[in-house]
Structures are given as structure tokens and as C-alpha cells.
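Number of protein chains: 4
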Amino acid sequence: MQREQIREIHQEGAYHFTMGPYHEPVARVESGETVAIYTEDAFGGSITSEEDRPSEALGPYLNPQTGPIYVEGAEPGDTLAVRIEDVEFTRDWAVSCLVPYFGGLTSTPLTTTLHDPLPDRVWKYRIEGDVARRGDWEIPVRPFVGTIGTSPAIEAISALSPGDHGGNMDVPDTCVGNTVYLPVRVEGGLFFTGDCHVAQGQGELCGVALEVSARVTVTFELVKNREIAWPRIESEEHIMTVGSARPMEDAARIAYSELVKWLSADYGFELFDAYQFLTQVGELYVGNMVDTTYSLVARCQKRYLA
Amino acid sequence: MQREQIREIHQEGAYHFTMGPYHEPVARVESGETVAIYTEDAFGGSITSEEDRPSEALGPYLNPQTGPIYVEGAEPGDTLAVRIEDVEFTRDWAVSCLVPYFGGLTSTPLTTTLHDPLPDRVWKYRIEGDVARRGDWEIPVRPFVGTIGTSPAIEAISALSPGDHGGNMDVPDTCVGNTVYLPVRVEGGLFFTGDCHVAQGQGELCGVALEVSARVTVTFELVKNREIAWPRIESEEHIMTVGSARPMEDAARIAYSELVKWLSADYGFELFDAYQFLTQVGELYVGNMVDTTYSLVARCQKRYLA
Amino acid sequence: MQREQIREIHQEGAYHFTMGPYHEPVARVESGETVAIYTEDAFGGSITSEEDRPSEALGPYLNPQTGPIYVEGAEPGDTLAVRIEDVEFTRDWAVSCLVPYFGGLTSTPLTTTLHDPLPDRVWKYRIEGDVARRGDWEIPVRPFVGTIGTSPAIEAISALSPGDHGGNMDVPDTCVGNTVYLPVRVEGGLFFTGDCHVAQGQGELCGVALEVSARVTVTFELVKNREIAWPRIESEEHIMTVGSARPMEDAARIAYSELVKWLSADYGFELFDAYQFLTQVGELYVGNMVDTTYSLVARCQKRYLA
Amino acid sequence: MQREQIREIHQEGAYHFTMGPYHEPVARVESGETVAIYTEDAFGGSITSEEDRPSEALGPYLNPQTGPIYVEGAEPGDTLAVRIEDVEFTRDWAVSCLVPYFGGLTSTPLTTTLHDPLPDRVWKYRIEGDVARRGDWEIPVRPFVGTIGTSPAIEAISALSPGDHGGNMDVPDTCVGNTVYLPVRVEGGLFFTGDCHVAQGQGELCGVALEVSARVTVTFELVKNREIAWPRIESEEHIMTVGSARPMEDAARIAYSELVKWLSADYGFELFDAYQFLTQVGELYVGNMVDTTYSLVARCQKRYLA
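Chains as they are written, first to last, in my numbering: chain A, 1 to 306; chain B, 1 to 306; chain C, 1 to 306; chain D, 1 to 306.
Don't read these hints as lab results, they were simulated from the structure. Where is the CB? At the ideal position from N, CA and C, for every residue including glycine. Some hints could be false.
[Stated by the list, open to error] Capping the alpha-carbon separation at 27 Å, the derived lysine-lysine pairs in DSSO-like fashion look like this: (1) C:K224 - B:K302; (2) D:K261 - A:K124; (3) A:K124 - D:K302; (4) A:K302 - D:K261; (5) C:K302 - B:K124.
[To be verified] Some chain B residues flagged as far from chain A (calculated, every beta-carbon gap over 10 Å): (6) A27; (7) S31; (8) G32; (9) R83; (10) E85; (11) T113; (12) R121; (13) K124; (14) D130; (15) P140; (16) E155; (17) R246; (18) D250; (19) G268; (20) F272.
Make the full structure from the sequences, and use the hints.
This is the structure we're talking about:
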């Protein structure tokens, strides 16, 4: 399909800061349809310069989401497959920063201490082709959507939270070329996305990747009568499961037990054989160690599953 | 006030399974008003016999809440003080049970393993005066509300979850005679309660206390322009703070850091003196070790604070 | 027995900073014998004034232990019952302090961050009868031994660490009048103790109780062919189990599962009945939230176990 | 150097099941020396067939270590660099198995529940060139040493435990071609190793990799007056730090904060710039999620550090 033929979805009205069944759909799509979704950056564009102070610049809510997008025919018990076709930045710069009491190596509102906050600080990068540049730093561009999910059945979950609905997982494998599988828990699925990243390391250490606004092209496919408990991802080389929980070992347990069950259900492995096999060939990395729950990704190379 | 003069609040329409700003108020009250709120048990009354199998009897949602109750004049930044005047059981029996993959000494959906579930089992107790009796077991009646909270600003949080809004804390100190302080984060505060317990040990070990339906009498007092980050409780003898988080040490950190700040803000302690003083006289018990987050209660005896 | 008739045990040679099988016994005792053990404070007496700076005053090792004491006839598979008859302070003052990067509301070497340390600070108290006094603070004297344990089978564990051998549990129930049950894992059991506290709140919030040197009188009883996995405590009113682990929920799980098994093995409860019963009447408090592992105490009142 | 010229070190006397300062050195080496160390598998060779039952076959202690090896001139405050030159299997088969209450998706003695254990089971693999084969499974051979460490200052730590001394880290990057940096905390450093793996996935999911006996060739280099707090690893492409702790987020915090400090100390990054830079390019994977503490590896590609 030509780029110009793709339907574009802009947020009508205010961006949303929760994923839930209480918002009116911003668009309706068919299974099989490809659309281009415009997303704001995680700060709603409020940080633009290294002179900004995040403690002052940020509003009460973070991580604005575009959505919900209603998928025709989606019903609880289905799975929504979302292939990420493209992530195109809509500006030529990205920002990261230290937000007080947010990040991987700081006290936070959950891991509370009596320490003063780390300093406010902003880093701004120019995006030049396939690198993001700041001074002599050159960071390879590897675009992905930090936040992607569907509506929970009855809860409205903060856009800052990852969970079994997807959400703010911040795992670099929700990237161009990969397919994200999300549970459908309400009529229409109610898809949300936002929070695009020019690049991000594993763990998203300081809490803030290279944040950018973007045009995200995705293709929706509805998989009827197929229920998944947690998000899954498929790339050319891997099948993957994402677990989001605290403490971090619970996220690891979820990710790997979902992968054990996947091998057992779809790839002919007896349950404990799957457990054994993944012991020897599985991969397990930290997507984020900074959000309200931590997201870990368990992976198995497809070449083992022929 | 005479019992018969107290306004009674029954849930109009369906009970709610989330606490959030998306439900219509079931009643409106004034600051200073005393009302009697009728609550269902945590299972919506679906378990009535030791022959019931929780895995079959339970519906998709648990812990039905009465509310929201709109408090006139309440605005974000205020605190809602809720004095629990009475908890009267509306039946003469209580149940506890093992729910598959729920509890303190079992695998759960968050602490996932490959084990088969523990057995389904129900224990039913007769309430006779000040004891709950089953065979030769006699458990002292100590009624409290397991779930009590206000609406988050934008989220709708499962009634099974404790958090900084209160919710399903399952701490035995939200009992008759004590005052619970809850944050006001939306207009009207939007108060919910339910999940009354005839008795419960610290930790709520198997996940299910002595569950009962009840008539809960409370008096609301609005404290204007007083912001609290987490719920607080006051009894005749103690001031208390409740932290709810995972891992459990994060709940402990929250509870005690809120208590340190309370002593520092209101009782004349320099910050590190409060830290020191609570080291020597503070109390810290586990309310629940079974819910989506764990709730711990830090306490300081008032006699130290004269 | 008259106080003067009790055999006194002083550390011969250097105090030990590990509990393990690699040290020569400082004394040998018979089952049934009562002895008085002299212990240093947790800082080896190096902090004596509010002008001291812990970051400078403290040596490389903390928490000196008296021991090991060899119990005649003790063999792996036995249990050593240690009744704490008395804890007499050998000086009239106690100290607490902030040690950099140690405590419950600070970054630590395990919960690492980029924050600067909290300030160095010392609080010194006079012990006057049944209170410890500093300015207008009056803290009730409730003496207990912070550290008490036996040798692991082959490990030498830091005296700062609690574990299944006991060790630095810092739980206020290892106090006068109570009996501590410890596993015997090597010939002679090899008992160590130290780290007496004039008082301490639950959690030992800043990491340092009211530290004091003391004369600890204990009676040893050997329980042959009785194996325990984790320490237990018995008071006039309670039976108790101690679990020490991270994250804190693991310590809670250990403490309560040991108590479930104890009720099941010795008090006639079917396993899941014990789980149920403790759900309604059990108690669970935090002993320490500051050491290398956290120690939680699960308790059941004896009146339920007649 | 010719293979036949390399000095070989066999364990004299019994293998050790702790790392500590209490064992006599089995050999003494010079800085710069290359030696070949013979190691047993983690089960001491007690499991040889798929008919074996681990619950019966295993002895009281697991993970036998060869050592300690005394490095001439090593003193506290130095670092020992150990280049892993080769890991040659001394048999043509490997085993993995399920050990009751041990592994990533089971209850364990620390994460205690009331579940029955998972089944006893053994998987045996033939090693054929660069694959380990069992039925139609073909697992690429990627040999590494599961356990490698130096003596703590005064503790004797179980060979099953990872820690800041190294130990049973089970991270696949302690492999052929890489250099492991270990702290020297006692005279001679006292190096131990064992527990070779034919292959292992990230996380070591069921707790047992492809276990094998081996001849491990290493070159020791002493780095004088260079103190490290936690183990580090260097490959051709990466610098890496290993953190071992519970809960898992503490291991993540340690690994990344050590890497932040390393970039700051040796590569010209201001502290918060290092924090920022690793946010965008850092890698973080789980080595083991099964041992007494979890080991995570943080990595930075060297090409960023020119």
C-alpha cells in the first residue's frame, strides 16, 4: 500500500492518560486494516530544551496516549495482533531527562527513602539519519513504541503502568517489523499507543528513553477465539512473552511460564520438556526497571521450533 | 444519634468492582454526617456451604463495593476522615475458603509456577455473640472493613487492589472505633467500602478472612486543604500509616516513611529524630500478604506524642 | 540458682564476626546448664558520644559475637532450646546512630542508587531504671538479644546476617523469659550470641537499636532427634517462627509456612486446617527491615492450642 | 603455549562446598601464569542416567569446587583478572534435571508454599561436536564456568550462592575468551571454580544447565591496588558488571550502578552522563533466576567507549 493511501488517525480531543473502557473510540478499524497513528511524546511535548527543569515543566499526567481504536468484531477471548509497520519521527530531535524520584538508580515513591532527589537534568539529541547525536555521543536509531496495549475489562490503568494488557512496557522489541499480540478483554479491544522512542537500552535505566513524537503505522489482525493471558511478541527470529510485575522475579516468572505454556500448547513440547528446553536455549532481558511494574521479555529463537 | 435516625445507604443498581471516577454516586453526604452503608461479602454471597467449590462458584469479579458516596465540598487536596462507628453483621455466619492460585502460601498469577493448584476448600463458621465457631474452633469476633477507599484521580482500580487510595488493604485496624484518613483526589472524594470481616489474622494468610455481609456505620469529616499521600488510621492508642506495594519491603518503606513525615510535620520532631525515635518505639505489622499489593501498617503509640 | 553460682563466659581472645564451624569453642556446657555470657555492643564499643562520626569510628567488621559455646552431646538433627533468663546491661548508657548507606529508609549496598548518603548522626541515651532517656524522650526498657544463633553446617555466615541458623534476626521476641529454638547442624551446636538491645521497635527502622553491652543469662536444653528448619520462639503466650529472607514476602512465607507445619505436626491440625486457622488468628510482624535479609515473626497464641 | 606445557591442577583431597578463607590452597600460582583446572560437575557426578531420581541420588552438598588457588602477591584491595582460555569437557555427555523445590518455576525453600514438589526428572544429552543432542533436540555448545570466585574476607559462602565475591553466578558470559575480574579480599585471593556448563539459557530456568565435568584453562593476572566491589567481565565487544541479590531489582540496581561507576571512573563520563548514556545503550539480562540470589549482567558495548 502506498504511504498516502493509509488512513491517518489523529487524537480527536484530549489525549488519554489511562487505558480503560471509559473513553470514546477515536477511530474504528477493520481486521486487516493498516493505519497510521500520530502520537505525542511521553511528556506531551513539554520539554524542549536542556534548560528546562522537569520538576517544573511536567504537568500532572504523563505519557499521553492516542486511542482508543475500536477493532470491529473484537470480543473478549480474542487476541489482537498488531504488526508495527513503521515508526516515523515527526520531529528531528529527542529528549531524555532526570525526573525527580523516577528512575532505576534513585529512590522513588514506591522505594521510598529520606534522600533528597537527584538533580533535575535534560539531555537533548539531534536525530540525523540513523543516529541520535549529542556532542560526541552517537546512539543508533532503533525506533519502537514504548506504550502499546488494549483496554482491561473494567479497570482504567494509568498510561504509566505496564500490565497484562500491555501498556507502558518499554521493551525494545515492540519495534518496527515485529508483531505484538494483545488480549481482547472488551468489545472492540480498544487499542491505545504512544510514547515512541528513538532508542532505548535494556532496563531504560534513568526512566526516560530518547522520547519523540511519531507517526506509527500498524496493521491490525484479529485472531478470533484465541485467549492470551499476557502480551506476546513475534519477530522474524523469535517468539517472545512479556511479564510485568514486582518484584522483578515475578515478572521473570510470568514471562517464562507464558513461554513454557506457549511451547507446550503450540509447538509440541510436553510441559516439563518445554521447561527443560528453555532452560538451555531461552533468553531473558529486562525491558524496564523503572515503571510501576517491571517488564521482562523471555524469548525463544524460532529456529528451534521448526 | 439513635440507630433508627441514621440514613441508610443501599447500593442502587449493580455493585462496583473498581474504585474510580467513572461511576455515578449512589448517595451524597455532608461533612459531619453519619450514615449506615450496607455491604455484600467479598464473594457477592456466592459461597454459602462447605460443599461449594470456589473454583466453580465464583463469578468473574470479586469484592463488590458499595458506592461511590459523594461528599459535598470535597476537592482534590483535601482529606476525608471516616470514623467507623459500627460494623453489624447482616447474617449469622461467615465463610472462608481456598481460591485456586490465591493466597499467601500458594503460587499465584503473579508468582507463577508449574504447580497444580492447592485443593478447593470452604470453611463455614457460625457467629455466636463474640465468637465465630466451627467445630471446636472459637475465633474472637473483631469486625472490620477489609476494603475502604476513595476514587483515584483518573484510574479505575480493581476492588481487589490496595493502593494509595486505600482499597482492599485488609488491615485489621480499619475497625470499629478507629478513624481512617483517605486522600481526596476528585470532586466529592467518591468513597467506596465493602468486604467486611468478622475476624482476620495479620497477613490474611490463605487470602480469605471470615467473610460476611454487613451494615457499616461511618461518620464522614472533611479536612479541607490537607493533603495526604497514603491512607492513615487513628485509634485511641495509635497513629498509623498504611503502605501498599510489592515487594513487601517497599510497603514497609512507604508505611514508615509516611509515619516519619507525620511525626515531623505534626508532632515537632526534626526529620531524622523522627526516624530515630520510630526505630526504638515503632510497630510494623503485615495486614495482607495476599493481594495484588501487600499492605503493611506502621504505628506509633500516642502516649509518646504528648 | 544464685546469681553468684552461675558460671560466667567471657570471650577468650578476639570476638567473632561470623557464625560457623571454623572457630574454637570458648566454653563447653551441658544440657540443662545455666550460664552468664558477656557480650559487647554491635559496634564493639567504638561509639561512645554524640560527637562520634560512625563513618569514621566504625571498624571493618561489626556485631562482635561471644562464642562459640559447645553443647555436649549436640548432634546434627537435634534442636537447641535456649531460655533467656536475663539480660543485664553492663553500662548505664546506650547508643543508636545513622551508619552511611545502612537502614530502612536509605539506599544501601544492595538497594543501590546514586544518592549521597544520609547524614552521620549519633543519639546517646541514659538508662535509668526501666526507661532509656534522651532529652524529653523516654523509651521503655525492653531488653533482648539482637543476635543469637548456632553454626551452619559448613558456611561461616557474617554476624550481620540473619538466616535459618538464627543470627542477626533483631526480633524483639528473643527477650527475657522466652525460649529460642535453634537448629543443631554441627557437633556441639556451636552457639553464638551478642548485640543486646535496651529496646527496639518493630522493623529496627534506621538499622540501629539502643545498643548496649550486657551479661546474658541463658539455660541450654538439648532436644535430641528433633529437627527444625528455621528458628522458633516460645513465650508464655505465643509460639512463634522466624523467617529471614529477601524479598520480605519470602520471609513472611517462610515464617508462616513453618508455623502451619508446627500446628500440623504438634497440635493436631490437618495441614490446610492449620493454614485456615492461622488466616484468622495468626500474627505477623516485621522484626528487621534493615539487615542483609529481613526477619519476620509469625505467632499464634497458645490459648488456641489447648 | 602448548597444551602439554600447561600446569594442571587437580583437587587434592575433597572438593569444597564453600568459598572462604578456611581451606588450604590446592595450588599456588604466579600472576601471568596459565593453568588447567579440573572440575567436577555440579552434582559431583552422581547423576548419570535418565533413570536416576535427583531426590535420591544427590548428596547433602552440591556444586563441588576446585580450589582454593593461591595467587602469589595478591592482597586485599587488588583485583584478580582471570582470562578463561578454554573449557574442555572431560566426558561426552551432559545432564540436566529437576531437583525438588529448586528452579525458576517452582516453590523453593525461600519462596515457600504448600504445593507438592514438581516431578523428579533427568534429561541426558550427548555432546557431539558443537551441539548437545537429545532426541531431535540440538542445542549449540557454548561452554562456560557456572561458578567462579574468590574468598570473602571472613565468611565461608556456600558454593551454591552468588555474591560480590563471584561464586555461583551462572551467567553465560563467564565463557571462553572472556576475562572475569574478581575482588581480592584475603592474602592470595583464594580462587575457586567449578560447575561447567555445556550450554545454558539466560535465567537458567529450571535451575540446572547442561552440567558437565571439564578441564578449565585460565590465565591469572593480578591488578595491584585496584579495588572492585562486584565482579566484572570483559569480552572483545563488551564491558560488563554482575550484580547478585534478591529481590531481582536489587541485582539490576547493583549491576547497572557498578557500570555507571565504571564509565565514570575509567571512560571520562560525568556520573549522571554515564547514567543517561547507559539508559540509551545499556544491556541487561538475567543470568540466573534460580539461585540463592539472582545474578544479572549489565553490559556496554566497547565501541561506544573509544
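Now the hints, each set against the structure:
no. : hint            : verdict
1   : C:K224 - B:K302 : 47 Å, violated
2   : D:K261 - A:K124 : 23 Å, holds
3   : A:K124 - D:K302 : 23 Å, holds
4   : A:K302 - D:K261 : 37 Å, violated
5   : C:K302 - B:K124 : 23 Å, holds
6   : A27             : 22 Å, holds
7   : S31             : 25 Å, holds
8   : G32             : 30 Å, holds
9   : R83             : 28 Å, holds
10  : E85             : 31 Å, holds
11  : T113            : 7 Å, violated
12  : R121            : 25 Å, holds
13  : K124            : 29 Å, holds
14  : D130            : 38 Å, holds
15  : P140            : 35 Å, holds
16  : E155            : 5 Å, violated
17  : R246            : 4 Å, violated
18  : D250            : 5 Å, violated
19  : G268            : 18 Å, holds
20  : F272            : 7 Å, violated
The structure shown violates the earlier hints numbered 1, 4, 11, 16, 17, 18, 20.
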